[in-house]
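Peer 1: First to last, the protein sequences are chains A and B. According to the numbering used here, the first sequence is numbered sequentially starting from 7. According to the numbering used here, the second sequence is numbered sequentially starting from 7.
Treat the hints loosely; a few may be bogus.
For identical chains, the list gives no copy identity; a pair is met inside one copy or between any two copies.
[Claimed, not checked] Simulated crosslink set (BS3-like; lysine-lysine; CA at most 27 Å straight-line):
1) Lys112 <-> Lys163
2) Lys137 <-> Lys112
3) Lys112 <-> Lys39
4) Lys112 <-> Lys11
5) Lys39 <-> Lys163
6) Lys11 <-> Lys137
7) Lys163 <-> Lys11
8) Lys137 <-> Lys39
9) Lys39 <-> Lys11
None of these hints come from the bench; they were simulated from the model.
Protein chains: 2
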Amino acid sequence: MTQEKAFQDYYEETTGSVCYGCGRLNEQGLQIKSYWEGDVAVCRFQPQPYHTAFPGYVYGGLIASLIDCHSTGTAAAAAYRAEGRQMDSDPPLRYVTASLHVDYLKPTPIEGQLTVRATVAEIQGRRTTVKSELYAGDQLTARGNVLCVRVPDSWIKNNAG
Amino acid sequence: MTQEKAFQDYYEETTGSVCYGCGRLNEQGLQIKSYWEGDVAVCRFQPQPYHTAFPGYVYGGLIASLIDCHSTGTAAAAAYRAEGRQMDSDPPLRYVTASLHVDYLKPTPIEGQLTVRATVAEIQGRRTTVKSELYAGDQLTARGNVLCVRVPDSWIKNNAG
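Make a model of the complete structure from these sequences and hints.
Peer 2: Written out as structure tokens, the structure reads:
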């Protein structure tokens with residue numbers, strides 16, 4: 007069995023493929039990857055020892071980054087699903103973050119793997135709300151709520167920085 | 007005239023001095039620094055080329071990280087001010103993030119310096135709300151609203167990961 011491609015592996019060079027959070031072409035970046043597991047989009051990530059906040063715990067900015075990129079990826083993947091299309095079909099559907107909300111429920115231990123589980127709460131035209139939960143092992147430590155907005159087609163074709 | 011110390015330069019080894027976002031001892035980290043300018047706390051940060059989202063623009067996780075660490079630092083600095091104390095006096099006052107909200111108003115250009123300007127909106131016991139604006143040059147591109155909570159004294163003394 008070959009591993010399926012992650013949502014982010016479909017991003018083109020003019021969009022998220024260079025993203026520090028999730029771009030496959032950003033060698034310094036976090037390269038987070040998201041996959042469907044049924045109707046839940048799942049991202050697993052191993053923090054590095056230097057991703058610390060206080061000693062032993064993950065810094066909040068990493069948690070926000072995981073929730074952010076995983077949510078926009080999930081919004082894109084859900085849009086293809088809603089249209090009954092594969093993620094490599096045209097036109098491409100890409101999302102950016104309009105607002106990000108994270109509730110930090112308790113400190114997130116840094117040793118083990120983190121898992122972000124996201125579901126689509128609402129799709130209204132070009133706006134998609136994604137809710138997520140972040141776990142360290144089986145401990146729920148943060149919740150995310152992200153409003154994602156689909157970028158104009160012209161942006162995807164023409165944006166070159 | 008010597009440069010004053012940043013809020014984060016007072017953090018001890020058991021707390022934020024190792025933070026990826028703002029710890030002076032985290033060599034891989036962002037090492038963001040915050041200073042008072044009157045009643046506004048200001049953080050200036052030069053994004054690196056790899057901090058990209060789409061080509062030419064800063065990724066949202068960096069913006070969230072700047073707002074997060076700058077806000078907890080501002081909450082701490084404001085608590086000392088409220089007690090009429092210097093930041094090197096005992097007992098230390100340290101804050102963590104309970105919730106982080108960022109509104110991304112428009113894409114943030116990556117070339118120039120970013121400035122986060124924060125003010126304390128409310129102090130209620132151990133909970134401090136910090137509101138902030140992020141500028142790229144003179145362009146307002148994001149707004150933050152962070153609920154910070156003071157950590158227990160025992161945490162500062164005893165936490166060793």
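Peer 1: Determine for every hint whether it applies to the structure shown.
Peer 2: Tested hints:
In this assembly of identical chains, the alpha carbons of lysine 112 and lysine 163 lie at most 27 Å apart only when taken from different copies (19 Å versus 42 Å within one copy). Both within a single protomer and between protomers do lysine 137 and lysine 112 lie at most 27 Å apart by alpha-carbon distance, with minima of 18 Å and 22 Å respectively. For the identical chains of this complex, lysine 112 and lysine 39 are neighbours both inside a copy (24 Å) and across copies (25 Å), given an alpha-carbon limit of 27 Å. In the homo-oligomer, the alpha carbons of lysine 112 and lysine 11 never lie at most 27 Å apart, since the shortest distance is 32 Å inside one protomer and 30 Å across protomers.
For the identical chains of this complex, lysine 39 and lysine 163 are intra-copy neighbours only, at 23 Å inside a copy versus 38 Å across copies, given an alpha-carbon limit of 27 Å. Proximity of lysine 11 to lysine 137 under the C-alpha cut-off of 27 Å is restricted to the intra-copy arrangement: shortest distance 22 Å within a copy versus 39 Å between copies. In the homo-oligomer, the alpha carbons of lysine 163 and lysine 11 lie at most 27 Å apart inside one protomer (22 Å), although the nearest pairing across protomers, at 46 Å, exceeds that limit. In this homomeric assembly, lysine 137 and lysine 39 come within 27 Å of each other (Cα to Cα) only inside a single copy, at 17 Å, whereas the closest approach across copies is 32 Å.
In the homo-oligomer, the alpha carbons of lysine 39 and lysine 11 lie at most 27 Å apart inside one protomer (9 Å), although the nearest pairing across protomers, at 39 Å, exceeds that limit.
Violated hint: 4 only; the structure is consistent with all others.
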